[in-house]
Amino acid sequence: MSIEKGRISGSQLLFMFAGFVQGSALLVDFTIGITEQQSWMVILAGLVMMVPFILSYAALAKRFHGKNLVQINDMVYGRFLGKVLSLYYIFFLSMTLSFNILDVGELYKNFLMPDTPFIFLLAVFAAACAYAVAKGIEVLARVSHLFVITGIFVIVSTFILLIDQMDFSNFLPLFELPLIRIIQGIHILSAIPYGETLVFFMIMGRLNNTERAAGYALGGLLIGAMNLLAVSVRNTAVLGRTQSIWTSASFQSIRLIDIGTVLTRMDFLIGIAQTILIFFKCSLFFYALATALSQLFGLKSYLPLILPLAGIEVILAATVFQSPVDHAVITQNAGIIYSSPLIYVFPPLTLLIAKIRSLPGHERGGGT
Amino acid sequence: MREKTGVIITAMLLCVFMVFALSGCLGGREINDLEIVIGMGVDKDEKTGDILLTAQIVNEDASGRTQGSSGGGEGKAYWNVSSTGESIFEAVRKLTHKTGNRLFVSHNQVVIFGNDIAAEGLQKYIDFFLRAHEMRPTVLILVAEGRASDIMDAKPETEKFPAMNIAKLVKTYGYTSHLYKVNMKDFASCQMSAETASFAPLITVSEEEGSKDVFVPGMAVFKNGKMVGKLNHDEVRGVLWVLGKVKSGVITVPSPDGGGKAILEIIEAKSKATPEIKDSKIIIHVMVEVELSLSEQTTAENLATVPAFGKIQDASEEVVRKEIMAAFKKTSELKADIFGFSEMLHKKYSKEWKSMKDNWDDIYPTIELDIDVASRVVTTNLLRNPASPKEGEK
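Protein chains in written order, with this note's numbering: chain A, 1 to 368; chain B, 1 to 394.
To be clear, the hints were calculated from the coordinates, so they are not data collected in a lab.
The structure displayed is predicted, hence computed values, not measured ones.
Be aware that a few hints might be false.
As the list claims (entries may be wrong) - Heads up, simulated DMTMM-like pairs for lysine to aspartate or glutamate below, C-alpha to C-alpha not over 20 Å straight-line:
| no. | chain 1 | residue 1 | chain 2 | residue 2 |
| --- | --- | --- | --- | --- |
| 1 | B | K270 | A | D167 |
| 2 | B | K247 | A | E36 |
| 3 | B | K348 | A | E176 |
| 4 | A | K109 | B | E134 |
| 5 | B | K171 | A | D164 |
| 6 | B | K351 | A | D258 |
| 7 | B | K347 | A | E176 |
| 8 | B | K270 | A | D164 |
| 9 | B | K347 | A | D167 |
| 10 | B | K347 | B | E333 |
| 11 | B | K351 | A | D164 |
| 12 | B | K168 | A | D258 |
| 13 | B | K348 | A | E36 |
| 14 | B | K272 | A | D167 |
| 15 | B | K247 | A | D167 |
My request is simple: use the sequences and hints to build the entire structure.
Here it is, written out as structure tokens:
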């Protein structure tokens, strides 16, 4: 039994992947304090490191055509262990979604609407995501290219407007930082913008054709990573060593745009772009969470879960951290630890077990 | 059907509710309630030792900025208002005791630090300006030779607002390249390096025949946030030659016949500084390329000849070399690496840099500069020959 009837095409998957990774553009700042001028390398190294894992996600989608994560877990690990693992995934989806909603709230609180009640910002954003999720995956997939194009437009235009202020010697010396910091940076990057793409476990099952899923997924990942790279290069080239002191390096570099004292105060650009991109990312997270939960509980539709889940996520986002410092420290340290098994261990393990047990050949599928 | 109507009504109610909450009016401030700040001065209060903050606020009625008033009313177009506090933020908020409204600093152009504050160190005073929401990272920094509040009071003849006038003075540095504009972000960047020194334009008030004029006599040099010395105009240009920041300016050289002067305008300047470590000696190779135009001459000799051009070019190259050496000599005395040589070495010789880092103050004056200047006179403007009798007719 499947709780989603919608179908998506390969190219839509590509844009969804790209838009999802782009949605983490602000989160690139997480690594700046650790990897400083070498952040661009970490983005590329993280991408390379994630390729085999993304391939394992796509291989699972191909092997279990039409099945979602909860169904795959049930089939591979059995009803009990499978459900425990699915709960672990749901915990990850739920926490990460609340952190992302909180990111939007902090963006607005810090830079755009400091006097608006925080909880209201979170609630409105979550409501918008809930509306998108209620429309189904097909609608999100159909508009995914618009999100990607908007993101690319803002990133490219701000890059061009800041070219005169860029100093490419800010990237030197090239290999100065201790290896441990680079490894930590790669871990954060691969776990947050790239690793979070495991939400597509709940989406790839809806592909028309899973034969070329790996190609589309990697293509989308590459487009998203190139955007992150452009953001990181822009910030380092413009801000130099100060990039690590700002709450948001991207926001600060865009505030420096000054073309003939006429084209200034472009802060709104990043406000719009970031809201749109995080909205897309959160909607996909929300969709994955709602469908995974309803699959777990054996519901016929995920729609009844949307509003209660939105409420829970807003409350989580508003209460889970005491301060932005808390948020950054826990996400950089604890966050990437609890998500690591889900990103790096279980997908390849599931694939291995499925191969050994020749699944899904002997299963009747369905699970719950 | 009933269910669908319910959803539509709920959605419409939600939209109406959102119009009130998300219109941005929640933190909205009407223009007539804004105290628009265009300049700020930071001094030490002589009595208490607290911070004395002076904000230059636009007087909307007098400056004719509000609707209904035409061309401004009576009185000054600005209002310099001061308050004291233990911190800049406290002083800013305490200004509301006098203004009645919170300050709006988004349009602030300049922050001027008094001499006493600069000598004490700017590190702790710039934090507020970097951290505040409304403050732009592009706001310009200056250092007053005396008190910042006096500078803010010197009303220019052609500008309505002293702060705007000061900002204009600094932004047009390129006409002479005798100073350089430094904004909050650039200054913060230099502050973050323990080895690189930073600089900011100095500003002073000169009083002639009862009128007060502001004047930039050079730049203040900062080391670890504290002002340690000053550079005069030529020394500043010496620094800018190496940094590649010279835009334009005037170079005066004696004419080849010795009977007058050739005055040259800098059309374009490019430079490249490359560090080299040779036999444990640090050499900085500075390559400067200058394009000049003959803008004026005070001799009857025709300077638009190949031999004369050669001599003028040689002389101008010597001027550039002297300016660079003068700047290096002064900063060596101050042990202040204003050129950023430490940064260049760090980037090119990161391994060797580790051993130099701790002794950089002692190493800096021992650096050898290898200066190579190539100048070219590219135009004589509207005259081919000077307006004087030809050689044979004298």
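Hints, verified against the model:
1. B/K270 <-> A/D167: holds, 16 Å
2. B/K247 <-> A/E36: violated, 32 Å
3. B/K348 <-> A/E176: holds, 11 Å
4. A/K109 <-> B/E134: Answer holds: A/K109 to B/E134 is near 13 Å, not above 20 Å.
5. B/K171 <-> A/D164: It holds: about 16 Å lies between the C-alpha atoms, which stays within 20 Å.
6. B/K351 <-> A/D258: violated, 37 Å
7. B/K347 <-> A/E176: Given pair B/K347, A/E176 holds - Cα atoms ~9 Å apart, limit 20 Å.
8. B/K270 <-> A/D164: holds, 16 Å
9. B/K347 <-> A/D167: At roughly 13 Å apart (the allowed maximum being 20 Å), A/D167 and B/K347 satisfy the hint.
10. B/K347 <-> B/E333: violated, 25 Å
11. B/K351 <-> A/D164: Judged against 20 Å, a Cα distance of about 31 Å means the pair is violated.
12. B/K168 <-> A/D258: Since the Cα atoms of B/K168 and A/D258 sit roughly 15 Å apart, the hinted pair holds (cutoff 20 Å).
13. B/K348 <-> A/E36: Status holds; Cα separation ~17 Å.
14. B/K272 <-> A/D167: holds, 14 Å
15. B/K247 <-> A/D167: At roughly 18 Å apart (the allowed maximum being 20 Å), A/D167 and B/K247 satisfy the hint.
Consistency note: the structure conflicts with the earlier hints numbered 2, 6, 10 and 11.
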